[in-house]
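K.L.:
Using the sequences provided together with the hints, build the complete structure.
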Amino acid sequence: MTPSASLALCAGRFVLPTAAHLALVRAALGRAPLCVVALRRAHQAATPANPFSWDERARMLLAGLRDDERERVQVRPVREHYDGQRLVQDLAALTSGARGVEWVVAGEPPVHEDDLPAGWRFDSVAGTDPDVAACAWLEQLYAAEEPSRGLAALDANLPRDAAAFLREWIRSGTFATVRDDWRQIRKERRIWSVVPYPVILVTVDALVHAGGHVLLVRRGRAPGKGLWAIPGGFLETREGVQEAAVRELVEETGIPLTIGQAREKLRGVKVFDHPERSQRGRVITHTYFFDLGDAPPPRVQGGDDAAEARWIPLARLPSMEAQLHDDHFHMMASFGLVTPEVPNDRHAS
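For the sequence shown, UniProt numbering assigns the number 1 to the initial residue and increments by one for each residue that follows.
It is worth saying that the hints were derived from the structure and are not from the lab. What you are looking at is a predicted structure, and each value in this text was computed from that prediction instead of being measured. Accuracy of the hints is not assured; some may be wrong.
To be verified - Label pairs and their computed distance ranges (CB to CB):
| no. | residue 1 | residue 2 | range |
| --- | --- | --- | --- |
| 1 | Asp68 | Leu201 | 41 to 51 Å |
| 2 | Gly220 | Asp55 | 39 to 49 Å |
| 3 | Ala23 | Gly240 | 44 to 54 Å |
| 4 | Gly226 | His112 | 19 to 29 Å |
| 5 | Ile284 | Thr339 | 19 to 29 Å |
| 6 | Pro298 | Pro318 | 23 to 33 Å |
| 7 | Arg221 | Ile259 | 21 to 31 Å |
As the list claims (entries may be wrong) - DSBU-like, lysine-lysine: derived pairs with alpha carbons at most 35 Å apart:
| no. | residue 1 | residue 2 |
| --- | --- | --- |
| 8 | Lys265 | Lys225 |
| 9 | Lys270 | Lys225 |
| 10 | Lys265 | Lys187 |
| 11 | Lys187 | Lys225 |
Note that the Cβ used here is the ideal one computed from N, Cα and C, for glycine as well.
P.N.:
Written out as structure tokens, the structure is:
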């Protein structure tokens, strides 16, 4: 096939370099002399659906390509903003200077064609999103009593280097953690499975700033056990969302703050409702931002299901991006409290 654009783009999680993922990249190479592979969900903590760092995914993918193919592929990380327009902006920054971009996709395009920059177009190939099958294989590993046996089903579908990496990974602490998360999520979904309609959960979060610090808790339970998070939890049946946010804040941190004081310090409220923002499923959260000013942060102590509560200096937050639960780093960024430390223009080759 004669290349029809100066650059081809593939964007996805590329959870594992399956034959379908490699076929997608090769289809892109047939359309342009250079292919940029944008790995989404970069710089996040490991989850059952996205257990590998972006550079681990990049190494596995590149190892599955031939030498002549690798010379024409650039792999770049893209952080998740849970916003289609922000995604397009980030991808445009990665491909700046290209006179024409063909975004090669399998399955449903991630954004509407009207949102594409001038000179861009979607090019669909046969098949579905290859990450769907890859995640199903990962679930087989999580469910297996002996994960090493479960790898047998994967070996035939993965490059040799990727299969070797997985054999080491299933013996790691990261695998044990994400498997515990998967088991907890599966348990919750079984409980909700008897409900005769789609389950949509409502949660609240309380983001608190004081004296150049942000109040975070370390999660004491799966999913996300050990990760840092904004204090919060589920809305109870007989309370409003702001009341719930303050209740969860006090329960998890012991901060001396009444509902009246909280109202005085309230500086903003945002709803985070992307369908994929939470590991648990469809979870809509209301985040309240309370600013206590420049006074020294009050004393706090972890309580309820928070293993620890701590005031984190604002300057330290950028380096903690991969230690934050779900989209909580994105939440803080949306309130202007943190700017990402690792740029998207870093690439693997």
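K.L.:
Now, for every hint given, state plainly whether the structure supports it.
P.N.:
Going down the list of hints, with the structure as the test:
1. A hinted range of 41 to 51 Å for the beta carbons of Asp68 and Leu201 is consistent with their spacing of about 49 Å.
2. Between Gly220 and Asp55 the beta carbons are some 29 Å apart, a value that contradicts the proposed interval 39 to 49 Å.
3. Taking the beta carbon of each, Ala23 and Gly240 are about 51 Å apart, inside 44 to 54 Å as hinted.
4. Taking the beta carbon of each, Gly226 and His112 are about 38 Å apart, not inside 19 to 29 Å as hinted.
5. Checking the proposed 19 to 29 Å range against Ile284 and Thr339 shows it holds: the Cβ atoms sit about 26 Å from each other.
6. Between Pro298 and Pro318 the CB atoms are about 25 Å apart, so this pair conforms to the stated range of 23 to 33 Å.
7. Roughly 26 Å separates the CB atoms of Arg221 and Ile259, a value that falls within the hinted 21 to 31 Å.
8. Restraint check: the Cα-Cα separation between Lys265 and Lys225 comes to about 30 Å, which is no more than 35 Å; the hinted pair holds.
9. Proposed proximity of Lys270 and Lys225 is supported: the alpha carbons are some 25 Å apart, at most 35 Å.
10. Using a Cα cut-off of 35 Å, the hinted pair Lys265 and Lys187 is violated, with the two alpha carbons roughly 38 Å apart.
11. At most 35 Å may separate the alpha-carbon atoms for a hinted pair to count; Lys187 and Lys225 meet this at roughly 16 Å.
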